[in-house]
Structure formats: C-alpha cells, structure tokens
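> Here are the chains, one letter per residue:
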Amino acid sequence: MSDVPTSIIRPTIVGWLARGTSLLLLLMLLIPVLQKSLTHERPIAFAVTRLPERTAKVGTQWHVAVKIENTGTRAARDVDLTLSVGSQEIDIHIDLIGASEERTYILTSGTRDAPITWRLIKFEAP
Amino acid sequence: MKSGSAAAMTPWSFKVRIGGIVQNAGTAEVYDLGRALAGALFVSLPLLFTEEMWNIAKTIGGTTLLLFFLGAVVINRMLLSQSGYRRERWQPSLWWDTIVVMGVGIVASAATLFVSGIINAELNTYLIGKTILLEAIPTSMGAAVALNQLGGGDRLQDEGTSNPDIRMLVGTVLGAYLFAFNVAPTAETGTVVAGQAWWQVALTSVLSVAISYMVIAVAHADDQEIETRSIVSSEWFEAVLSYLVAFAVSLGFLWAFGYADPFDRLDQWVPQTIVLAYATTLGGAAGRLVL
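Protein chains in written order, with numbering that gives the first Met the number 0: chain A, 0 to 125; chain B, 0 to 290.
Errors might be hidden in some of the hints.
To be verified - Simulated coverage check for chain A against chain B, where a stretch passes if three residues somewhere in it have a Cβ under 8 Å from a Cβ of chain B: (1) 9-23; (2) 33-43; (3) 98-112.
Hints were generated in silico from the structure; no laboratory data involved.
Think of the CB as a built atom: it goes at the ideal place given N, C-alpha and C, for glycine as much as any other residue.
Construct all of the structure, not just a fragment, from the sequences and the given hints.
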C-alpha cells in the first residue's frame with residue numbers, strides 16, 4: 000500500500016490516457032472554431048447544388064437531390080426560397096440554418112437532368 | 000516500482016487507500032473517471048435533449064463560444080477545488096483534472112448527441128464542433144461536481160481561500176452558474192416575460208431577494224460562519240449581494256445565448272434578466288449550501 004503522501008502520486012496509464020485524449024479532443028474542437036473566428040465575416044448567402052450521387056429513379060419519376068447551403072459566417076432564420084426543377088416549382092421554408100450548414104431536399108422530376116433554378120424570397124439575420 | 004509515486008507514471012497495481020479501501024491505483028482511476036462520466040450525464044442530460052441548445056449552437060458566434068468555453072474552464076477549476084470527481088484527492092494537479100473534466104464533457108456530449116441523431120456524418124463539421132463544445136460546458140460542470148451529485152460526501156476543501164467573504168462569493172457564483180445553465184438556454188424566460196406586467200416583473204425581483212434571504216437564514220441557523228466574515232456580515236446584505244451576483248450571471252448567459260444585449264434599451268433585457276435571475280438566485284443560495 001502507498002506509504003507516501005497521496006498528493007504526489009502520479010497518474011497511472013489510465014490517467015495519462017484520459018489527460019492525453021482530453022487534450023487532443025479539446026484541440027480538435029477549439030482550433031477549427033478559432034480559425035473560423037479569425038477569418039473575415041461573410042454575409043449570409045445561399046448556394047443551391049444538385050447532388051447526382053443521391054439522385055435515383057423511383058418508378059417512372061426521378062428523385063432529384065438538391066443541397067441548399069448557407070455559405071455565410073452567420074446563421075439565418077425564416078429563410079424562404081423557391082426551387083424549380085423543370086416545370087415544377089416548390090416553396091421551401093427553413094426555420095433556422097447555421098453558418099456553413101447544409102440541407103438536402105428531394106424533388107421529383109420526369110427527367111434526371113431537368114434544369115434547377117432557385118430564387119431567394121427572404122431571410123432574417125438573427 | 001513500489002515507490003514509483005514520484006515517477007511520471009504510477010504502475011496499475013500500485014496500492015492506494017481510497018475511502019478506507021485499499022485498491023490498485025489503476026482501478027481507482029477507472030472508478031474516478033466513471034464517476035465523472037456519470038456526474039456529467041446526471042447534470043446535463045436534460046440540456047443535451049433541449050432543442051434551444053442545438054439552435055444556439057447554430058447562432059452563437061465563434062468568438063462568443065470560445066469566450067464562454069474559456070470561462071467554463073475557469074469555473075470548472077473552481078468547482079474542482081470545492082467538489083470534484085475523485086473520492087479522495089490523490090493526484091496533485093487540479094489543472095490536469097480540469098482538462099479531463101472538459102474531455103469527459105466532450106465525450107459524454109458527443110456520444111449522446113450522436114446516438115440521438117442530433118449530430119451525424121452528413122452535418123457540417125464546424126457545426127458539429129460548435130454543438131459539442133456548447134453542450135460540453137454544462138456536461139463538464141456535471142463531471143466537476145460529480146462527488147456532490149452522486150454522493151461520496153461534500154468535500155468543501157476551499158483550497159483557494161480561507162477568507163469567508165470570498166468563499167461565500169465563490170460559492171454563490173458557482174451555484175448560480177451551475178443552476179442557471181438549466182434554464183438560460185430555453186425560450187421560456189422570454190415567454191414568461193411576454194405575459195408579465197411591469198408590477199409582476201418587479202415582484203419577481205422582490206421574491207428573488209426574499210428567497211435568497213430565506214435560504215441564507217436557514218443555512219446560518221445551523222452554522223456561525225457569518226460571524227467570521229468581515230464584510231458580508233449581515234444576512235440581508237448577503238441576500239442582496241447574492242441577488243446582484245445572480246443578476247450579473249443571468250445577464251451574461253442571456254448575452255452569450257443571444258437573448259439579450261446590455262447595450263439595447265433597458266426594457267429589452269432587464270425583465271428577462273430578472274426572470275432568469277429568479278432561478279439563478281436560488282442556484283447561488285443552494286451553491287453556498289451544497290458546494
């Protein structure tokens with residue numbers, strides 16, 4: 000049994016693993032946030048991209064995957080935009096989308112490569 | 000290495016006496032970490048399932064989050080000096096223990112958010128990081144007070160100071176911070192304020208001070224600590240001071256979470272701060288009793 004003052008007992012391998020892992024996790028999470036904080040602020044903006052790898056034919060229809068991304072450095076609330084695939088037009092509402100956050104929507108279309116257009120109606124900058 | 004305690008690493012089988020029980024140092028360390036993990040989830044699981052926390056992770060600025068996180072590191076260091084996750088303080092560095100509770104908070108938060116589907120591989124890594132960091136703040140605090148949460152006795156080491164005035168103030172800040180975290184992220188304080196008349200807001204403030212006084216009076220009925228203080232030597236002064244601390248902590252939370260800005264008009268942030276301070280005051284008073 001230990002006959003030395005307990006205050007000078009060093010960690011076992013478990014203790015060192017816990018310390019090392021914790022430090023690593025902290026750095027892994029803090030450094031990217033710090034890096035983003037130091038970059039110039041970009042205004043809220045949106046990018047709409049087709050995702051061919053997630054587009055599939057179901058029955059006679061094509062399920063076309065479309066990604067909407069907030070490319071700004073701040074979150075946006077109550078985003079309204081209109082997406083058009085071929086002749087089909089749909090209204091999309093997003094309650095809250097964070098900086099660099101992406102949302103994927105599946106739209107139905109008669110053809111795989113129907114042109115996609117979009118129009119931003121409004122958003123709120125918190 | 001029987002006397003390997005002075006070396007960089009203690010062997011697993013090195014015998015230590017923890018809580019009157021002789022056990023392997025490695026086993027004791029596993030128990031300590033298990034206690035930290037349980038304390039982390041015990042305190043913060045409700046917040047891990049709170050939608051407002053996920054939304055705040057999206058809206059909070061990176062710099063604000065970093066400041067908030069660094070503040071939590073200091074708070075955790077203070078909590079560890081008063082409580083902790085080890086049944087006995089058998090290792091020397093509280094700063095290393097602070098790093099470990101932050102790590103435990105990250106692991107507990109990430110695991111819970113992942114199995115709940117809140118974070119997944121398709122989500123943006125920056126947003127994942129922000130969500131985990133934000134949730135790890137209360138989770139790590141749970142780990143830092145695991146001993147108080149899960150039994151094992153109140154430590155009340157207060158190694159930082161023997162000044163009873165400062166000890167009272169530190170206990171208030173820590174309790175207020177810990178307790179307020181369960182209410183501050185939710186939208187309910189705003190909902191409460193929306194339905195309140197001004198006289199109800201004022202009454203909330205009076206009620207907060209009264210409750211603070213009641214808890215203090217009950218606490219001091221059992222001890223004579225107040226007589227050892229040189230500055231905060233009356234129960235009413237302590238009640239008002241505690242309320243002011245709770246108000247400041249509440250305002251800090253509301254600012255960090257984007258619910259209030261002290262540079263806005265007073266009527267836009269004072270009522271909500273008063274409502275949150277009701278909970279925070281109770282936490283501060285309880286903090287002096289429990290921590």
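> Under 8 Å between beta-carbons, do enough residues of the region 33-43 of chain A, three at least, approach chain B for the coverage claim to hold?
holds (count 3)
> How does the coverage statement for the region 9-23 of chain A fare against chain B, requiring three or more residues with Cβ below 8 Å from a Cβ of that chain?
With 12 residues in contact (Cβ-Cβ under 8 Å with chain B), the coverage given for the region 9-23 of chain A holds.
> Taking 8 Å as the Cβ threshold, is the statement that the region 98-112 of chain A is covered by chain B upheld or broken by the three-residue rule?
holds (count 5)
In the structure shown, no violation is registered for any of the earlier numbered hints.
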